Amino acid sequence: MNAPQFKPVADHAVLVEFASEISDDVNRLVIALDHAITMAQIKGLQEVVPALVNLLVVFDPLETDHVQVEKDVRSLLPVSPDSDAQATHHTLDICYDDDFSPDLVAVAKACGMSEDAVIQAHSSARYRVGMYGFAPGYAYLAGVPEAIQVPRKTAPVRDIPAGSVMIAGPQCLATTIVMPTGWSIIGRTPAKIMTGNPDRPFLFDVGDTVSFNRIRREAL
Amino acid sequence: MSSALLRVIHAGPLVSIQDGGRGGHMRFGVSASGPMDRTSFAIANTALGQPEDATGLEVSLGGLVLECKQGSVSFAVAGGGFSVDCAGAKTTAWTVQTLHEGEKLTIRGGAWGSWTYLTFAGDLKASKWLGHTATHSMSGFGGGALRSGQDIEIESAHIRDDRMGDIPCPAFAQPDGQVRVVVGPQDQHFAPSSVATFLNTPYKLTDAFDRMGVRLNGPQLELNEALSIPSEPILRGSVQVAGDGVPTVLLADHQTTGGYPKIATVISCDLDRLSQMRAQDSVAFTAVSPEDAISIVRAAARQRRAYLDELAKPRPSLNERLLRENLIGGVISGAED
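Those protein sequence lines, which keep their order, are chains A and B. Heads up, the first sequence stops at 220 in the UniProt record's numbering, and the numbers go up one at a time, no gaps. Heads up, the second sequence stops at 337 in the UniProt record's numbering, and the numbers go up one at a time, no gaps.
Same shape as in the complex, but just chain A (with noise of 0.2 Å):
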């Protein structure tokens, strides 16, 4: 599993695959790497976009290739899975709120649980930032607990405001922006994950640690 595969792709980027399917420990791997290209001064490096079980190295076909880059990366292998001792930890308070979780009943239905059990079995688990995907803040948080776990919708319901917190299969997510999705909202969250700060515009990092903590609609 620590021998990635490399792949070329078009003219300015590398494809680093370490396997197929999706783990936890596959996972930690390419946070591992990701952390330690971003340290490592590779000539031309534009950027690297870590996802779940592979990341993309783009470079600057102008000063270097793809047989260069691959050389460079592999240089830094093999790295150590991502440990959670090293993340930072972040806890996002959420409103359960009927009107912020139109998906509640839904979700409670299909995994045979209480309302109360479902939301209790969210805010007690803890979630890891696997990546960032599709949209500007979309962090996608590893974890939530398999009693809990129901497919994307058939179809995705339009217009979700920002702030909402929805699942899907093994993964939660906080929205930022207003967009369709297919996923099951569960609550809102006032956390800004962009956080408007241009040194920090993003809350977290892959590979931090998430908790929920619920708090009452007057506190929203």
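Derived by calculation from the structure, the hints in this document are not laboratory data. Fair warning: this is a prediction, and the values are worked out from it, not measured in the lab. Incorrect hints may have been included.
To be verified - Pairs of lysine-lysine residues, derived as DSBU-like cross-links and limited to a Cα-Cα distance of at most 30 Å, are as follows:
id: 1; chain 1: B; residue 1: Lys-128; chain 2: A; residue 2: Lys-192
id: 2; chain 1: B; residue 1: Lys-125; chain 2: B; residue 2: Lys-90
id: 3; chain 1: B; residue 1: Lys-69; chain 2: B; residue 2: Lys-125
id: 4; chain 1: B; residue 1: Lys-104; chain 2: B; residue 2: Lys-128
id: 5; chain 1: B; residue 1: Lys-125; chain 2: B; residue 2: Lys-313
id: 6; chain 1: B; residue 1: Lys-125; chain 2: A; residue 2: Lys-192
As the list claims (entries may be wrong) - A few chain A residues that don't get close to chain B, going by computed Cβ distances all over 10 Å:
id: 7; residue: Lys-7
id: 8; residue: Asn-54
id: 9; residue: Leu-76
id: 10; residue: Asp-103
id: 11; residue: Ala-110
id: 12; residue: Val-144
id: 13; residue: Val-157
id: 14; residue: Ile-215
id: 15; residue: Arg-216
id: 16; residue: Glu-218
id: 17; residue: Ala-219
Said to hold, decoys possible - Which stretches of chain A does chain B cover? Using the computed rule of at least three CB atoms under 8 Å from a CB of chain B, they are:
id: 18; segment: 40-53
id: 19; segment: 125-133
Even glycine gets a Cβ: it sits at the ideal position worked out from N, Cα and C.
Dock chain B against chain A, hints included.
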């Protein structure tokens, strides 16, 4: 310095403020945005003596009408064969002119191309997001899409007599229906015959075409198995194939990750020409090796650099040109070797 105030009389859909784009934030879910045709955008800025990535306007086939409410400012239009009407004088894109108080500037689609760029000699005032004015269409962050009735302010507005006239439209800014790709990175998920089909059959662009991508029309590409791969990074130029077997080329405002396999990725120097094509236009994809892709992109960069360096040189002002013509006519004629 004076400023110029322009009123938006009409802005079609997908007319937006752009700069060179905000690279480096894909790890946070943010694609670079910036102009769909980066080459023509750089040309429109360079022709005015502006930095290549200075803030300008991307005009779609929906068109744009501006009225100058106050001040005067020189502008450039480059990209596609759009029509340009400045105070009743009709020309086409690839032009530098000056708009004066009370005059109207109308830009509409023309013989070819999907996007044109309007830049100004001065600083177009626009809100920034993550340090850039480029509009990210999915969120609306950045300078934003233009709406009829809004005003645009150009600070430090100049008149550049030394820049007036036609801009030569280089062949590398014109689509020719040929697009080069590097196969992969998920070609292993396709039946081998699908990769051959993709490369040997012309596809047509459809009107499902916006800043996020363009859906193609042509033979369906068969996946080995109905699968969804783990969500993974996407690049501008990724050709992803959804479960229906239809390829989509992702463009400037692409989502940063996705779970559909990518059969190929368009090389960066062919993306601008592809973006200038229109619905129903036919495109032929050719595979090149990663090594060849690098050589092609480097050669294209040299060609583009040489063109822009030449364009950056100010032309003599009208007075100087007249004076020179007098000198040439009066003194030098008959003396050339």
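Can you list which hints this structure breaks, lowest number first?
7 and 8
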